[in-house]
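Visitor: Protein sequence lines correspond, in order, to chains D and U. Our numbering puts the first residue of the first sequence at 81, with every later residue one more than the last. Our numbering puts the first residue of the second sequence at 33, with every later residue one more than the last.
A hint or two may mislead.
Partner residues are not named here, just some residues of chain U that face chain D (Cβ under 7 Å, in silico) [to be verified]: (1) Pro120; (2) Met126; (3) Phe128; (4) Pro135; (5) Asn138; (6) Leu149; (7) Ala169; (8) Phe171.
Read the hints as simulated data drawn from the structure, not as lab findings. Glycine is no exception: its CB is placed at the ideal position from the N, C-alpha and C atoms.
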Amino acid sequence: MDTQLRDQIPTFGAKQGADISLSGGLSSLSSGSNRTAFETLVIILVAVVIIGGAELLIALFEVPQYILPRPSLIAAALVSEWKFIWPHLLVTLYELLVGFTIGASIGFLLAAVITQFPFVEKIVTPYILLLVTTPMLALVPLLILRFGFGSEPRIIAVALASGPMVMINSATGFRRVDLAKIALARSFGASTLQIFTKIRIPMAMPMIIVGLMVGSIFGLLTTVGAEMVGGAEGLGNRLNYYSSMIRMPQFFAVITLLATIGISIYVFFFWVGKRWGSWDA
Amino acid sequence: MNASTDRESRNSTAGPKMTISGASKRYDTRSGTVHALDRVSLEVRDGEFLCILGPSGCGKSTLLWSMAGLHGLSSGEIRLGPSKIEAPHPEIAMIFQEANLLPWRNLESNIALPFELKRTKPDRARISRLLQRVGLAGFESKYPRELSGGMQQRASIVRGLAVDPSVLLMDEPFGALDAFTRDEMNLLIQEIWMETGKTIIFITHSIAEALFLADRIVVMSARPGRIQEIVEVDLPRPRPISVQSTPEFIARVNDIKDMIDHRKV
Ligand SMILES: Nc1ncnc2c1ncn2[C@@H]1O[C@H](COP(=O)(O)OP(=O)(O)O)[C@@H](O)[C@H]1O
Ligand SMILES: [Mg+2]
Chain D
81 MDTQLRDQIP
91 TFGAKQGADI
101 SLSGGLSSLS
111 SGSNRTAFET
121 LVIILVAVVI
131 IGGAELLIAL
141 FEVPQYILPR
151 PSLIAAALVS
161 EWKFIWPHLL
171 VTLYELLVGF
181 TIGASIGFLL
191 AAVITQFPFV
201 EKIVTPYILL
211 LVTTPMLALV
221 PLLILRFGFG
231 SEPRIIAVAL
241 ASGPMVMINS
251 ATGFRRVDLA
261 KIALARSFGA
271 STLQIFTKIR
281 IPMAMPMIIV
291 GLMVGSIFGL
301 LTTVGAEMVG
311 GAEGLGNRLN
321 YYSSMIRMPQ
331 FFAVITLLAT
341 IGISIYVFFF
351 WVGKRWGSWD
361 A
Chain U
33 MNASTDRESR
43 NSTAGPKMTI
53 SGASKRYDTR
63 SGTVHALDRV
73 SLEVRDGEFL
83 CILGPSGCGK
93 STLLWSMAGL
103 HGLSSGEIRL
113 GPSKIEAPHP
123 EIAMIFQEAN
133 LLPWRNLESN
143 IALPFELKRT
153 KPDRARISRL
163 LQRVGLAGFE
173 SKYPRELSGG
183 MQQRASIVRG
193 LAVDPSVLLM
203 DEPFGALDAF
213 TRDEMNLLIQ
223 EIWMETGKTI
233 IFITHSIAEA
243 LFLADRIVVM
253 SARPGRIQEI
263 VEVDLPRPRP
273 ISVQSTPEFI
283 ARVNDIKDMI
293 DHRKV
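Let's have the full structure, built from the sequences with the hints guiding it.
Guide: So this is what it looks like as structure tokens:
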């Protein structure tokens, strides 16, 4: 890597800067980030109107409960079933967290290493793309055959679903080398590791965070899907259970929980992005 | 501090600050070999303001990068005092074009970077004195994008000076600035040089800028990159910006221009 750098004098031109600052990244996510109190109020109002309207319309048209239960019934079910649901919530969160952590770590490290070797990167990238585009859910029955009905097959599926996402986005970030910044660090005697931690990682950070966000959402989808395919635990399993019993308020209570998890993930990474990844937005 | 005595005592220690002997560098590219530097030999005096002047592509950056220890030569050698430059040296700081601040760090933490890399504590007193000097006191928490081009470049000068190097290498540092800001920066760098007695090697492709700043101008020519001429500039200091519109100054600009044009024919 150093030998490659040594003979490249960057042109420091405006054009290079333009190439480097890939827009996209988090800037596309941060639209509407500076919400005013009024806008927040309107968003809440809209939610109230939608929920209240649904309540009203469902009652008015006497929609049967097994098709669409009233929001108030869903809320009531969430409260009354909570003691039965929350162990499954924990299982789902556990599988997601472990699977995502494993997948994201491997994806991140692979991206960091591979982008240093253009040749290796060219060879590996199509396979990573294959992993990104193949729905990992399809592997779950196979994984269950091998690992049984415990958490392992689902954790593996989550890692396989989120890892490549993190990897492909991080790699895009790491590819944004700015030779002038690396030269700057080297001129102050930086080691290869220091260049990595002080220049390359912060430089790639906006894309790394996008990768983590997309990867974790993918992970959530895969966790729930895998739980629906097989296993006796988790929110996905509860979806199967409640729908087979035609207990629709409880079914929708679980859906509400899943939506909440998804939104929380988004908000969390959005905040992380604003804090650590928005320098180029 | 008394600048003049500082510099006189330094000059009396004889011996060049940096010695470049027979420096050649070739780049092997797919389309062939580029002879960027061809047997360049030069002695940089201690405490002098040396400008390297030449058209784009004549090897100025290549030479400066070698002096900074950022890349090696194909042949020849560069020394700082007695020690051969083979890697970046703590006594040498480089100032880049377009400031080259890290956009994810605020000004204070940009200036702290060299200390972080050397795993030492930032010299707070020195840094705040320098910030004061260049008119950036109070801007420590600002991010680069919140600063004008001139302010960014002043910050990068502070970053370079903060580690107290004895040699400052500057690669067309003000090339991207507008004419007014550029004049301002030229005055500032002259003042800083007179106050600190650093050895400054300053690349430019502007004849007027070189004449305004330099004790000596090294005129380079391209393909292969060679030293064409070394011009002594004995204009009295401090030089005001207005010196650039005196007939004498303009005559010198034209002399150098002729020298470069002749070579082209
Ligand atoms: N990494 C490189 N690979 C190939 N050729 C290079 C490289 N860097 C510079 N050159 C060539 O070397 C010559 C001198 O470049 P440079 O030192 O950047 O000139 P200057 O700074 O005077 O504009 C130019 O012809 C340039 O194209
Ligand atoms: Mg150059």
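Visitor: Please go over all the hints and tell whether each is borne out by the structure.
Guide: Hint check:
no.: 1; hint: Pro120; result: 5 Å, holds
no.: 2; hint: Met126; result: 4 Å, holds
no.: 3; hint: Phe128; result: 6 Å, holds
no.: 4; hint: Pro135; result: 5 Å, holds
no.: 5; hint: Asn138; result: 10 Å, violated
no.: 6; hint: Leu149; result: 5 Å, holds
no.: 7; hint: Ala169; result: 23 Å, violated
no.: 8; hint: Phe171; result: 17 Å, violated
Taken one by one, the earlier hints fail for this structure at numbers 5, 7 and 8, listed in ascending order.
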